[in-house]
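Assemble chain B onto chain A, guided by the hints.
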Amino acid sequence: MTAPLLSLEGVSRGFRGDSGVEELVLEVAAGEIVALIGLNGAGKTTLMRLALGMLRPREGTIRLFGVPLPHLPRRMWAQVGTLIETPPAYPELTVRQNLRLACLLRGTEPRCAEAALGTWRLDAVAARRFRRLSQGNRQRTGLALALQHDPRLIVLDEPGNALDPASVLLLREQLMRRAEAGAGVLVSSHHLDEVARIADRILLMNAGRLIGELDPAGQDLERAFFARIRADDTHRADDTHRTPDGDSAGGTRGGPA
Amino acid sequence: MMRSAILAETLKLLRSPVGTIGTLALVLGVLALVGGLILGIASGSPRLVAQAKFSGIDVTAGWQGLLSTAAQITAAGALLGFGVVLAWMFAREFAEGTVAGLFALPVTRGRIAFAKFAVHGLWVLLVGSALTGALLGLGLLLGYGPPGAEARAGLARQFALTLLSGALTAPVAWVASLTRSLLAGTAAAILLVIIGQIGALAGTGAWLPPAAPALWALSEGTEAGAAQLALAVLTAGAFAGFTCAHWARLQLDS
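Residue numbers (my numbering), protein chains in the order written: chain A, 1 to 257; chain B, 1001 to 1254.
Only chain A is shown next, with the shape it has when bound in the complex (with noise of 0.2 Å):
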C-alpha cells in the first residue's frame, strides 16, 4: 500500500487570541481531490498552511510523500504546487518572467512556463506586467504559477476566486485531468456545486476542527452543510455550559440560516 501524498494526524495549532486549529486527521491519496470546505474563519487557510510548512504545528505529525515535514528532502517541494490566497507573483515582472522565475526556482525546465501560458490562456497578457492584470487574469497567473511544473500535490486555497466561467471550467478541466494521471488536490472553496462536481471527498470545517465528510452525490449540498454546522454549533455550545456534574446549562450560539 502506497503512503498518502499528504497526511495531518492529530494536528494543532493555536494563536495569540484564537484557539485556532484542533486535531486534525487528513488524507490526501495520489488520484485523489479532497475538497475543504466551511465558513470564513473556519480554519481552511490554516490547515492548508500548515499542510504546506508555513506553520509549524503544536501538536501533530504532518507528512508530504510518507516523509515527516521537518525531514522532507528539499528537492521533494519540486513535486508540490500551492496558490494560497493571493498569487505569488511579483508586480514589476510579466506574466511570462513571473513563470520563468518559478521554473528557475523549482529546478524546472524553461520551457514548462511556455506551455502554462497557452493552457491557462494567458497568452495576450504573456508580455504584460503582473500589476497592470485584471483581477481574473492574476488569478489564472496565480494557477499556472501553481500547476505548471506538473505537481504530484496540488494544494490549492479558494482557487476560482475572480475567475469567469470558462476559466473555472478550465480550472475543473486542469484539476480532474491532473487527479486522473495521479496527482492528489487538497483543495477549499466556497462554490459547493463546483466542489461537488469534482471532489471524491467533501471535509467539512468549523471553528478549527474537521467535523465529517459530505457526500458529493449526495442531494441537497448546501441543507446538509448548514444541517452540520448548526449540529455543531449546538454540541459545542453543550460542552461550553455543561456544569462540572454533567448537567447542561443549555443555550447555542446558533447556527446560519
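Among the clues, some could well be false.
Stretches of chain B that chain A covers, calculated by requiring three or more beta carbons in the stretch to come under 8 Å of a beta carbon on chain A [said to hold, decoys possible]:
1) 1002 to 1008
2) 1086 to 1100
3) 1121 to 1127
4) 1167 to 1177
5) 1242 to 1253
Label-pair ranges, simulated between beta-carbon atoms [what the hints assert, rightly or not]:
6) B:A1156 - A:P68: 30 to 38 Å
7) A:R236 - B:A1245: 39 to 47 Å
8) A:T108 - B:Q1251: 53 to 61 Å
9) B:G1097 - A:A30: 27 to 35 Å
10) A:P70 - B:A1149: 55 to 63 Å
To give a feel for the contact side, a few chain A residues facing chain B, derived at Cβ under 7 Å [what the hints assert, rightly or not]:
11) L52
12) T82
13) T86
14) R209
Worth flagging that the hints you see were computed from the coordinates, not collected in a lab.
Virtual Cβ for every residue (Gly too), placed ideally from N, Cα, C.
Positioned in the frame of chain A, the structure of chain B alone reads:
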C-alpha cells in the same frame, strides 16, 4: 539552488524601478550635492564655507576638498539609500504577498535571504564603482588635473566607504524581516544615519559601527583604524546572519 536564488533576486532588482531609482539617486544625487557644494564654496559664499567647516569638510580647492565633501555626503546618503533598497528587498515579500511563494520550494528561505544580501552586495559594488568613477570625472571636469598618489588614495577610500556603508545596512534587513514592514525598515535606515552622525559629532563614533567608516575615510585613518572597521564589518555580518536565521525559521502566522 543557491545560483538559482541569486539569479532570481538579480532579476527582481534589475526589473524593479526601486533598483534604478536607488542607483540614480545614489550616484547622481551624491554627485550633484558634491558639485553644488564645491561650486558654492569656490564662489566664496561665507555661509556655505562656514557650514562646510562645521561639518568637517576640507574647503580647500582641489582633489582633497572634493573627496572630503564626497565622503561626508556619502557617509549619510549611502546608509540611507542602500538601507531603503535593502528594506524593500526584504519587506516587499510580505507587503506584496509573494512570501507564500517562497515556501514549498527546493531552495530554503535561509538561502533566499542570503541571495538577497549577495545581490544587494553586488549592487553596492556597482554603485560604489560608478560613484567613484563619477567623482573622478567631476574632479577632471573641475580642472583639478590627473589625480596624484594622495588623490588616488582618497578615491580608494571613497570606494571603500561606499562598500562599507552598504554592508552596514544589514540591520535594516533584520528589522524589515522581523516587522514585515518597509516603513519600519526605512526607519531603521534613518536611525543608522542618526547614530552615525551623533557618533561622529560626539567624538566617540569610531567604536560605533555606523560612524566608523565615515570617520576612517574623513580622517584618513587617524580617528578610526582596522579594529574599528573590523567591528563594523563583524556587526554587519552578525545582522546578516540573524536575518538569514530568521528567514530559515519563518512562519506565516499573521
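* Asked: In ascending order, which of the hints set out earlier in this document are inconsistent with the structure?
  -> 3, 4, 6, 8 and 14
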